[in-house]
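J.: Going down the list, the sequences are from chains V and X. Each residue of the first sequence is one higher than the last, beginning at 114 in the working numbering. Each residue of the second sequence is one higher than the last, beginning at 20 in the working numbering.
Calculated directly from the structure, the hints in this document are not laboratory data. Please note: incorrect hints may appear among the correct ones.
[Claimed, not checked] Each computed SDA-like pair below joins lysine to any residue, with the alpha-carbon atoms no more than 25 Å apart: (1) LYS123(X) to LEU35(X); (2) LYS123(X) to LEU775(V); (3) LYS224(X) to VAL858(V); (4) LYS887(V) to ALA922(V); (5) LYS887(V) to ARG813(V); (6) LYS123(X) to GLU883(V); (7) LYS139(V) to GLY423(V); (8) LYS123(X) to ALA235(X); (9) LYS887(V) to ALA235(X); (10) LYS224(X) to ASP849(V); (11) LYS224(X) to ARG850(V); (12) LYS224(X) to PRO863(V); (13) LYS123(X) to ILE807(V); (14) LYS224(X) to VAL856(V); (15) LYS123(X) to ILE782(V).
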Amino acid sequence: MHRPTPEEMLVRAAEEEAKRGKGHLKVFFGAAPGVGKTYAMLEAGQRQRAVGVDVVLGWVETHGRAETEALTVGFERIPPRRVEHGPIALAEFDLEAALARRPALILVDELPHTNAPGSTHTRRWQDVEELLAAGIDVHTTLNVQHLESLNDVVAQITGVRVRETVPDALIDAAEVVEMVDLTPDDLIARLEQGKVYVGDRADRALDGFFRRGNLVALRELALRRAAERADADVLSFRRDAGIEEPWPAGERLLVAVGPAPQGADLIRAAARIAGRLHAPWIAASVEGSSQTDTARAQVAAHLTLAERLGAEAVVLRSERAVDELLAYARTRNVTRILVGRPTHSVWRDRLSGSFLDALVRSAQGIDVIVTTGEVAPPHRPPAAPLDRPTAREVAQVLLIVGVASAVGLVTRDLFDLADQAMIHLLAVVVAASRVGRAASMVAVLAAVAALDFLFVPPFYTFAVSDGRYLLSFAVMGIVGLTVSHLTHRVRSQADAALERERRTAALHAMSRELAGLNAPSEIAHSAVRHLRVLLDADVSLVRAEDGALEPLAGEALGPRDLAVVQWVVGHGQPAGAGTDTLPGGRRLFVPLRAGSGVVGALGLDLGDRPSPGRRALVEVAAATIALALERAWLAESSETARLVLETERTRTSLLSAVSHDLRTPLASITGAAGAALTGTDLTAEERDELLSTIRDEGQRLGRLIQGLLDLTLLAADPAAKMEWVPIDEIVASAVDRLDAPNVSVRLPEPLLMVQMDPVLVDQLLFNLLENATKHAPGSEIEVSAHAAGDEVVVEVADRGPGLPPGAAALVFERFWRAPDGHRTEGAGLGLAIAAAIARAHGGRVHARTRDGGGSVFGFSLPVRHE
Amino acid sequence: MNDQPLVLIVEDDTALRRFLRAALEADGLRVVEAWNGAEAVSLAMQYVPEVVLMDLGLPDIDGVEVTRRLRAWMTAPILVVSARGHERQKVEALDAGADDYLTKPFGVPELVARIRAALRRVARTASAGAVLEVGALRVDFEARRVTLGGAEVHLTPLEYRLLAVLARHAGKVVTHGQLLEAVWGPRRADQAQSLRVHMTHLRRKLEQGGGQRLFATEAGVGYRLLQPE
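Pulled out of the complex, with its shape left as it was, chain V reads as follows:
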């Protein structure tokens, strides 16, 4: 008895977690059209409806069959969506409407259907995936020939290649797969009665697809698949029940994939074998430096297919395919390697060595399975087409050969013909190592011609007297070509390495630069700049926050693109050009996935279909950018939080300080008023005394409250109300408002203009003036202004008692009050507010003792020029 280990329980918990909140899928599975899947699905739906489940008919194909039609009665239907496709209007399943309706169970017929262009997804099974993800249960129908992994087998049996396939993973994830079975004879009988296809389509169907032999084979396939599925159910039951697994664990299959078209069949075979072994499998391709772009794209398509079938796809890079493949297989504990049967001639193996042979010989401990199809990795493309030699190369080559011939002519008497041949061979080698292959051939021809013309008797003709010389020429040709070929290969390898190096370096440079930036907008712009160079593509970055999209940097996106972005953000998967989802536009969108989920999307206009190397690069870049942006946004929000906290703290300290100052005058007022009201035997003087107390304390209270209001006024951004104002005007308004005697104003002749919020600066000066009248009552007050460099200085001077020692630095502090002896009424807010206003304008306040007695309070504001 085997109890589940904690790890296994974790795995199962994760599976259940993933399933929770997702809808349940039930597949009505059949061998061929006409077996009654739709009928069975509708029946099941009706049963659910009868017990009160909220069932909706999303899509149904009745093919005009009356009895099927009858079963649709009573269902609520999602109205089909009309899609204009050229001159015809197509009806399609309306995914959006279904999601909006949110039934408990929805019936969607024909899982493999391909949606009309312009739909959200290219395929209906993707619609169904989205329904399931939204937590809606789905009933659907599927025929065996549409299963991805059986696609090729079905094609072999029926001779018809079905294009509309459904990934096996979807069926494997289905809660229930119900086999709808009908014997081939019954099906043919139904067909003949016209129950499957109506009218003359029935005859055509009978000739082609519905031959008895086909039907028998398809039925067997379907039954076997259903049985495998049942097997899997039993397995999961056994696992749940803690029953020991009956097979040795640790089988792992690796399929070697090449660019040949048969690779797809090889992959399907691998999927079947892996399925039967219940083993995880890997699809691997070894990419050499000489791989052409078309081959690379083909491999990418194969690997995508493999991923769809449940494989892990990897691209290995090496010139030595066998060693690389085996090394990788060993690191992954692969037990079996699957390769295709070679289809090329045996001579190719004799000449360049057999990949299969080498693999089998070196694969100690790993089984090698050869299956039909093509042997995969060591894809040697036909020698790359010769580039036309450039004029420069030809000139270079002729010069080198010319030098060799000149040396030969000078030394003609010293050396014999064999030596001359060597000199020319050297010229060929030197030339071939420098130029392209075509130009190397020119070098060979030139060297042979020169040797023949100048050194081979008869001299100065191209005639050859001895057949042996021809051999020398041939050797020269072969040496030249070999050297040039090797040089070419080394060079292209170096180029590829350089390119990889360049990309890695660029990626590194980008992530380093992003790490150094803190502002999200800077990060976005820097990322766009780097990616433009790195990928040679138009780049756009979009932020997604709480469902709202906000373009960050790069190319502007249209509403169509934004719709794709919305999908990408919602599903966390790439979409757009080159993918299966919303492929209509020019751009590919990749989610920006960070720690907190998808924070945005990266859009790329890659032009043609993206190569896998580039795609990988895009994903790495997207991850780097996402993390950098998330970091910046987090920092930003914590900065905002810090500011809010700071403001809050200031407010609290202010309130606690002010509450005392508020209570004191309130107490005086209440007390005095009470005494005035109740005191019956008060003299007129006493009553006046009480009333003036009330008035004075009320005024004090008023000033205090005004001070607090001014502080809130300051919280608004002063920059918003900045205007160019003459200093005269501020001085005039503040002095007007103070309305005190003995105030003189001294202003310079040229008009001093300062950019400011006039209401605030008026308040600033007023507070300085009020301070002067309070601390130097009755004294002459002098207001003056002057320019000092880039600043305008305004000062209020009095002849009062002056500042106590050490106070100059403190007077502008909040709630500072002159020590005893200098003390007057007031909350001590006035000067603090003055200082805050000056700071908000980028200026400052100052205070000093005045020469000859008294004090000077002033402020300076910067004169800004646009």
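Mind docking chain X on chain V? Use the hints.
T.: Below, chain X without anything else, positioned relative to chain V:
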């Protein structure tokens, strides 16, 4: 007693309204009270007051809107009461037709003085002459001559026009917007800086280094030519 001017007080705070009534009646004015905008409009139609004293923060209709409705048919001066820091609200009220404003908190003497000034202004406007005299300043509108203490002052055409507009509304706050429109023409709100500069020059020419105060600057609101007493 009945020939005393009637003041309509529009104020939603009962304590303040009681205080205002007491203060104004003590000065010999008659008082009608309204505690919201709708009632203010209906009482104004009923009593046709000589002066309206209105708080801008009303519970139902915005005080600026009440001012606009009253001004549509009424010529009596409207004084609005507002807190400091609400300069925009004051400007809106003045532009909507208010004659003057008081900033809270204010004292009784100031309140009474403002109301009396507003009443005098009405009386004077009725007999508006071609010459205005404020202290040593004399403006002859027909001759377009400005003299200060008998000596002619040379003003630029813009300065003269500014002075003329302020003089025509002497004692009243004229907002930046109103001045700009009257002097520069409609839709010239971008000339605010230019207005300030010309006003400063005008003041320098007429006040001569603080010798005599003629203009009051209301920061963030506008200017006022001080009323001749």
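J.: Each hint needs a verdict: does it hold in this structure or not?
T.: Hints, one by one, checked against the model:
no., hint, verdict
1, LYS123(X) to LEU35(X), "11 Å, holds"
2, LYS123(X) to LEU775(V), "18 Å, holds"
3, LYS224(X) to VAL858(V), "15 Å, holds"
4, LYS887(V) to ALA922(V), "19 Å, holds"
5, LYS887(V) to ARG813(V), "12 Å, holds"
6, LYS123(X) to GLU883(V), "17 Å, holds"
7, LYS139(V) to GLY423(V), "20 Å, holds"
8, LYS123(X) to ALA235(X), "18 Å, holds"
9, LYS887(V) to ALA235(X), "23 Å, holds"
10, LYS224(X) to ASP849(V), "18 Å, holds"
11, LYS224(X) to ARG850(V), "22 Å, holds"
12, LYS224(X) to PRO863(V), "14 Å, holds"
13, LYS123(X) to ILE807(V), "18 Å, holds"
14, LYS224(X) to VAL856(V), "20 Å, holds"
15, LYS123(X) to ILE782(V), "19 Å, holds"
The structure meets every hint from the earlier list without exception.
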